[in-house]
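Generate coordinates for the entire structure from the input sequences, incorporating the hints supplied.
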Amino acid sequence: MSNPVLEGQSAGASHPILDPVKAPPFPEAAFTILRNTQLRKNVAHATDVIQGKRNKLVEEKADWQELRAAGSALRNHVLENLGHYLEQFEERCTAAGGVVHWARDADEARAIILEILRQEQATEVIKIKTMTSAEIQLNPAIEAAGIKAFETDLAEIILQLGEDEPSHIVVPALHVNRTQVREIFARRMNRPELTDDPTELTGAARSFLREKFLRVPTAISGANFLIAETGSVVIVESEGNGRMCLTLPRTMITLAGIEKVIPRFQDLEIMLQVLARSATGERMNPYSSLWTGVTPGDGPQRFHVVLLDNGRSEILGKERERQTLKCIRCGACMNTCPVYRQTGGHAYGSVYAGPIGAILTPQLMRLEHAQTLPYASSLCGACYDVCPVKINIPEILIDLRAKVTDKEREEERRFFDPMYLGMIVANFLFASPRRFRLAQRMGRFGLRLFTRKDGWIHSLPSIGARWTMTRDLRGLPRETFREWWAGRAAPGGKRGR
Amino acid sequence: MAFCNNDLSMRASLFITCYNDTLYPETGRAVVRLLERLGVEVEFRPAQTCCGQMHANTGFRAEAYSQAKRFVRLYRDAETVVIPSSSCVAMIRDQYPGLFEELGNEELRRDFAALLPRVHELSEFLIDTVAVEDVGAYFPHRVTYHASCHGLRALHLGDRPFRLLAKVRGLEQVPLANLDRCCGFGGTFSVKNAEVSSAMLSTKLMDVLSTRAEYCTALDNSCLMHIGGALHRQFAAMRTVHLAEILASTEATPLEASL
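Residue numbers (the working numbering), protein chains in the order written: chain A, 1 to 497; chain B, 1 to 259.
Possibly wrong hints are sitting among the right ones.
Unchecked claim - Listed next, the in silico DSS-like pairs over lysine-lysine satisfying Cα-Cα at most 25 Å (straight line):
hint : chain 1 : residue 1 : chain 2 : residue 2
1    : A       : K53       : A       : K41
2    : A       : K407      : A       : K318
3    : A       : K53       : A       : K453
4    : A       : K403      : A       : K318
5    : A       : K403      : B       : K192
6    : A       : K148      : A       : K212
7    : A       : K403      : A       : K61
8    : B       : K192      : A       : K407
9    : A       : K326      : A       : K390
10   : A       : K390      : A       : K61
11   : B       : K192      : A       : K22
12   : B       : K69       : A       : K403
As the list claims (entries may be wrong) - Looking from chain B toward chain A, a few residues come up when the C-beta cut is under 8 Å (computed):
hint : residue
13   : I16
14   : C50
15   : F60
16   : R181
17   : M200
Everything labelled a hint here was simulated from the structure, so no lab data went into it.
Source: prediction; values computed, not measured.
Note that the Cβ used here is the ideal one computed from N, Cα and C, for glycine as well.
Next up, the structure:
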């Protein structure tokens with residue numbers, strides 16, 4: 001086996017598809033990935049470590065619930081006044097020497113960025129980790145224009161060199177272990193002497209990057225926050241690569257979703273506290289960089305901000321779903337999610353995986369794609385419990401399921417779907433106790449065929465097989481509760497039991 | 001004795017839930033036996049069917065609403081409704097308000113608001129309303145408690161089930177590791193995403209089996225159907241039993257022999 005990452009990814013496709021338009025349905029993608037025991041072990045280990053650190057730091061904070069409430073209130077306030085704060089940001093950023101662009105969708109955003117790169121006559125760009133760039137599939141567009149894009153975040157380098165895709169919004173290479181990293185680096189950096197010692201591997205990445213920092217004059221970043229009051233952009237990171245990209249290049253292009261804005265500089269007090277603890281289990285992230293427009297003689301001398309809508313305005317217009325946009329991309333919901341912990345991120349077919357991905361991606365796709373994602377949850381509620389800005393993810397999942405179902409109601413083939421049919425029939429039965437009682441009796445009779453000597457059902461046909469593939473089912477008892485009650489209440493009935 | 005108070009003059013209407021009625025009637029019988037022993041008068045309204053959770057969580061909002069309407073109309077005059085299933089109580093508490101807000105009329109909203117505080121999950125009813133921890137049970141077995149997601153995070157049952165179990169004579173409690181982690185049932189999730197659901201279950205089983213308990217108990221037969229289904233498939237030396245059945249057990253009337 002020459003390349004565990006590539007070959008272990010999924011049987012058949014070595015490169016995971018993170019395009020919701022082309023991705024297979026979640027159950028299908030998960031089915032393949034669940035066979036990848038190496039990936040599952042890596043994901044379980046990494047999420048355990050991060051969640052453990054997060055829990056410890058949240059427990060030490062006596063006012064964590066107050067902080068959450070403050071974070072939630074702040075983000076709600078922003079969304080209720082988004083237009084105002086965006087215009088304020090544009091005005092202040094422009095006054096400080098930045099150029100603000102508005103992109104309605106991914107196409108527009110890519111075109112704007114490519115146009116800037118053309119004006120800069122760029123042949124190479126360095127990048128700070130940005131999930132928004134993956135959302136609009138920027139790298140392939142840049143490469144197609146003949147420009148080389150170099151990721152500078154360690155995890156992103158691993159993925160880029162390994163021809164892999166991010167599986168987590170904060171820790172994109174969390175599904176890869178250090179033995180696999182060594183293999184990728186040894187092969188792609190031509191460093192066969194490397195061992196899997198983390199210090200050695202980061203050293204290799206550092207020397208790989210250093211010359212690029214010194215050589216490439218154009219950088220692309222995302223944004224953790226945009227500050228309306230000052231027109232500043234905020235990036236938090238752990239490796240210092242962001243700081244390098246923000247100081248050495250001549251030109252900086254920042255791509256940010258329109259929801260990233262916060263009103264005041266002082267609001268960082270709350271946001272940085274909840275973000276660092278939730279995202280990486282740190283009291284404070286190692287590097288917090290803030291920059292405002294252009295400062296002569298210091299840092300990039302040309303600065304562009306591309307504000308991306310790409311479906312966000314539509315989400316903003318929906319009362320219940322609006323809270324999706326409160327997200328500050330900490331990834332805590334992914335680390336705690338029992339579904340994500342089994343599959344990792346690629347099964348979601350989108351750069352946004354886990355619970356937040358399961359609500360964000362279908363909405364960004366206007367429910368035309370990614371329709372199976374709202375069902376990729378047992379509705380256990382762990383995500384809502386950890387969310388630092390209190391997004392009620394289960395509530396939105398249920399809401400989106402209702403919207404998917406409403407679309408199904410229009411489809412001709414719906415009555416061939418046993419699940420759909422079952423739901424309609426069940427509703428008919430539940431509507432009348434007489435019908436329900438009759439169905440109970442018929443069920444008892446019908447299931448007798450499948451019930452073995454020990455009183456259990458080991459195998460069922462059709463949709464029932466989806467249950468019995470791994471679980472037995474106790475056969476229906478001789479008497480329902482209501483039958484027992486009726487017998488008990490009847491004069492001379494069997495009391496007690 | 002605290003567990004033999006016949007002067008409570010309390011009336012509880014049992015909402016058994018559709019799947020307990022059909023699949024786990026012994027849980028209902030245990031609730032009746034337990035509450036009557038505590039001096040609570042139990043009534044059962046045969047017009048009940050389902051709370052609508054399955055429809056709501058699968059996206060069938062209109063159907064869920066017709067179930068919700070039925071529930072409120074049936075119980076609006078009830079003194080107290082007791083439900084031995086935390087996920088059904090969570091459905092009523094967390095999802096009914098939205099359904100009535102969106103689809104209901106003024107009268108239904110008013111009736112629901114008045115009824116809601118009188119709807120209790122079984123362990124809530126015992127600890128908060130009857131105010132009893134020692135229900136006089138006897139169950140000489142090693143038992144581990146599985147906290148269902150809805151009981152834990154939606155109803156915030158906290159230590160109520162543990163307090164009830166602690167007072168059961170002969171019972172040895174074994175803590176379950178990763179108590180807050182879902183078993184993977186999730187209603188229709190278990191068939192729509194059967195593979196992931198099974199993967200979650202296999203992770204849960206590692207913790208459940210390593211307790212070396214004889215019984216795994218919970219306040220939701222839905223989780224227990226999931227965990228128990230796998231235990232049975234594997235011929236494991238452990239069974240599942242609803243908490244109500246443990247609490248109903250005494251020396252004179254031990255756990256009902258079931259399959």
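Notebook entry, point to check: Are the Cα atoms of K403/A and K61/A separated by 25 Å or less?
Noted result: Violated, at about 39 Å.
Check: Are the Cα positions of K403/A and K318/A separated by 25 Å at most?
Finding: Between K403/A and K318/A the Cα gap is close to 13 Å, so the pair holds against 25 Å.
Item checked: Restraint outcome when I16/B is required to lie within 8 Å of chain A by C-beta distance -> For I16/B, the interface hint holds, since the closest Cβ of chain A sits about 5 Å away, which is under 8 Å.
Margin query: For the restraint on R181/B, tell me whether the closest CB of chain A is nearer than 8 Å.
Written below: 6 Å, holds
Check: Do the alpha carbons of K192/B and K407/A lie within 25 Å of each other, as the hint requires?
Finding: Between K192/B and K407/A the Cα gap is close to 18 Å, so the pair holds against 25 Å.
Item checked: Per-residue hint verdict: M200/B, partner chain A, C-beta under 8 Å -> Holds, about 5 Å.
Margin query: Hinted pair, alpha-carbon criterion (25 Å max): K407/A, K318/A. Please report holds or violated.
Written below: Measuring from Cα to Cα gives roughly 17 Å; hence the hint holds.
Next item on the list: Grab the minimum C-beta distance from F60/B to chain A and call the hint holds if it beats 8 Å, violated otherwise.
Entry: This interface hint holds because 5 Å falls under the 8 Å limit.
Check: Are K69/B and K403/A close enough, with their CA atoms no more than 25 Å apart?
Finding: Distance of about 21 Å is within 25 Å: holds.
Notebook entry, point to check: Do the alpha carbons of K390/A and K61/A lie within 25 Å of each other, as the hint requires?
Noted result: 17 Å, holds
Item checked: chain A contact restraint on C50/B - CB to CB distance below 8 Å -> Status holds, d = 4 Å.
Margin query: So if I understand the rule, the pair passes when the alpha-carbon distance is 25 Å or less; does K53/A with K41/A pass?
Written below: 19 Å, holds
In terms of the numbered hints stated before, the structure departs from hints 3, 7, listed from lowest to highest.
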